[in-house]
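Chemist: Here is what each chain is made of, one letter per residue.
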Amino acid sequence: MTRHIRHAAAFCALLLVALLVNAARVQIVQAPGYDANPANRRPDIARYQQPRGDILVGGEAVTGSRDTGEHLRYERTYRDGPMYAPVTGFASQEYGTTLLEHAADGLLSGADPVLAPLPLWNDVTGARNPGGDVVTTINGAAQRAAYEGLGSHKGAVAAIEPSTGRILALVSAPSYDPQRLSGNGAAATRTWRRLNEDPDKPMLNRAVRRTYPPGSTFKVVTAAAALDAGVVRDLDAPTRSPDPYRLPGTRTWLTNEGGGCRNASLRQAFEWSCNTVFAKLGVDVGPTDMAATAEAFGFNDDGLRIPFSVSRSTFDTSVDRAQLGLSSIGQYNTRATPLQMAMVAAAVASGGQLRMPYLVERTVRAGGSLVAAAGSSPTRQAMRPTTAALLKELMTGVVENGTGSKAAIRGAVVGGKTGTAQHGLGNSGTPYAWFVSWAQSERAAEPEVAVAVVVEGSAADRDRVSGGGLAAPIARAVMEAVLAS
Amino acid sequence: MMKAGTGITVAAADAPAPVGRLPRRRGIELALIVVAVLLSVYGYCNVGLAQHGTLPPGAAGYGAGLGVLALLAHLAVRLRAPCADPLLLPIGVLLNGLGLVLIYRLDLETPGDRAAPTQLVWSTLGVGLFIVVVLLLRDHRVLARYAYVCVAAALVLLTLPILFPAVNGARIWIRVAGFSIQPGEFAKVLLAVFFAAYLAANRSALAYAGRQVWRLQLPTGRVLGPIVAVWLVSVGVLVLERDLGTSLLFFGLFVVLLYVATGRTGWIAVGLLLASLGAVAVGWLEPHVHGRVEDWLHPFASIEAGQGPNQLAQSLFAFAAGGVTGTGLGLGHSVLIGFATKSDFILATAGEELGFVGLSAIFLLYALLVERGYRAGLALRDPFGRLLAVGLSSIVALQVFVIAGGVTGLIPLTGMAMPFLAQGGSSVVTNWAIVALLIRVSDAARRQHDGRGPA
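In the order they appear, the protein sequences are chains A and B. The first sequence lines up with residues 1 to 485 when you count with the UniProt record's numbering. The second sequence lines up with residues 1 to 455 when you count with the UniProt record's numbering.
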């Protein structure tokens, strides 16, 4: 019997070995696969176990975290959610993250290894760091001015500090409250469905993710190209351009809204926004130089990150002369994000230097120690300084004598350019009202703000849609807010 | 070997060779018990610190309660089984203490459903039973006289739940005055006693070989009767109560004891054949069991079907999350398993929070318990005692294998309680009875070497 007891014991030992080997298989060999299984909720639980880091505007958090006591414990909250949504995006337990919440997710959630006190520390302890904070460049007053200025209109505002590239305001309307997407309940699902079905697309960040035909505001770029290329040397010399202007190689005659554009000087043509003059100037400059100038301003660049990506603004480079003429007055395939047009204004304001826009001033750990600070932004020469000086003169003229008078600010030099972009089949859509501008208070050494405003006019105000009427007051409010702070 | 009437008695042990007095090692047992209690209290405090950052309010009371229980058990052993194996009781205390910690830890996730206090009451009852058995049962051979009483009681206990409504697909519970009792748990010990007594009395008849086929000695048809009967009972339990685990356990226990008693490999062959026949038939025909087999083969099928992870998948996630060193007590998320986290799937919590290292330690504790039981069986001289020790140890080994293998995806999952760890009063009481019997048997085994013979 003893021998058989030993056999039975060996059998039990075999069972033990089988258990141990299988435990090693599950816990060590196959564990990475199981951990990564999308149905495994542990990563989500760990992610929401602690409050998320905050996004700060002007030293105050515009985000927060709420302890729900549920399995996914902390939910995102937002202060002035709709106003800051184009900056923050949302951080949803169900639908992921967007915009800054997405671009800085590792830092905000605490997963970024840069937050660890020592290299590899977390790999050893298995701990997660408290989320870091993101300090933005946004100017709260300017953001509010832009948001309230747009009001019930559809449209967008982007404002930049020309000397640095800091983004001061980024607003898109209509907006939405990202907090309603934070949780994972039925309410979040309903909100998500409603927002996605809304024909006005409230979750679309119009300031950076939508391109519009820039219309007459693109004439700033065309003027820069003409001055840089030497096609125009004197702002007040006649440009020898006909009115109407026959687009080269076609039977299409280009006309103007108002009169007085025949042989107008560049200054007059800019103030009166003569299509004929600028189409001819674009054709005279030629496709290569026009494209080069447009690209120097940032067109055709799909690599811009602020840190989230900005949609590519386009200036078509494979065009015939007629198309080039139309492209040069911001039509045909020319499209721009509001941020792109703010960059155009900023480049003019800062003497031809284009500084790449950015939204994050610095990132800090929960304790306040610095993780990373925005260094000086990369700079590109968009045009010659002399050209920039002449353009400033032109833009100032628009505000002082032309279509942009509603943007004038007492005690400050303001330059601007209006635009009314036709669009739709046979220009049937309600036009987009544009205004791009910059402002410099009298005591300042250089312009402090450049702004672009686009308003998608509603059918009700079809007849009075104009850049000077609808968009310029909003731009002025934003510029005033920046100058006052 | 002699027979008297219908009862079964076992011959007295051979006259022992007088040897020197062995050390009794009760001091070692006491020291190990203190370590076991301290480890449990440490785990308890760990849970509280991890969850709330403070020591849990009941830590001192929990430690004192467990300590007093263990001390009483130790005193009973010191009094009536002074030569018993010094490892058995500390292992029981440590596993029971750890089980209480794990259940308490899971209670924190389900504030509306507290199981730890009830489990503590059942543990007290279990230790009480342990003390009663150690104090009253002076000689294990007395049990052999009650073999047929045992089997009758076991059959009644096994059939009782059929009269009660099924709970979660299995008819293994009866509800009395708010308590859920699994009578099948108690039946295990009774059946082990019966098998040991029956086989000790009839082993020479069973060992009488029938025809030889190839290299297997087949048993004669006349003695095939009992094994077929037990097989039928197992299948009956399986079909009527849908309790695959228990039938597997009974059958495995019987085959092991049959082999140990007779030494005939033919029994193993017959046993395995019948077991696989039964398993295949039931796995094929019985939808509840069939589903378990499907889950085992494809644990992630429900995820691919878009229905989210099932319990087994969640269990595998929990084990995987533990990795080598575990998340630490109180820091895992095994509660995602949902239903039966504290009972059948308790090991997943251990695996996640203590890691492969902790899980291996738990497995080795069970292995040590089984090994000490087998050692007592080897040392004993009387066949009944040997078979009883082997049978009780095998119950623990098989049960650990069936449930641990089930929750880790080694074999199809069958509902069963992890000995001492899992929530379940009947189970913990039964396991204390098993440890008490092993204490008694090991005491007898060492005493015969002590030159004094069994009391």
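Source of the hints: derived by calculation from the structure; they are not laboratory data. Idealized CB from N, CA, C, for every residue including glycine. Please note: incorrect hints may appear among the correct ones.
Facing chain A, from chain B, some residues (calculated, C-beta under 10 Å) [claimed, not checked]: (1) Gly27; (2) Gly53; (3) Gly322; (4) Gly323.
Chemist: Decide, hint by hint, whether the structure agrees.
Modeler: Each hint, compared with the structure:
no., hint, result
1, Gly27, "28 Å, violated"
2, Gly53, "14 Å, violated"
3, Gly322, "6 Å, holds"
4, Gly323, "6 Å, holds"
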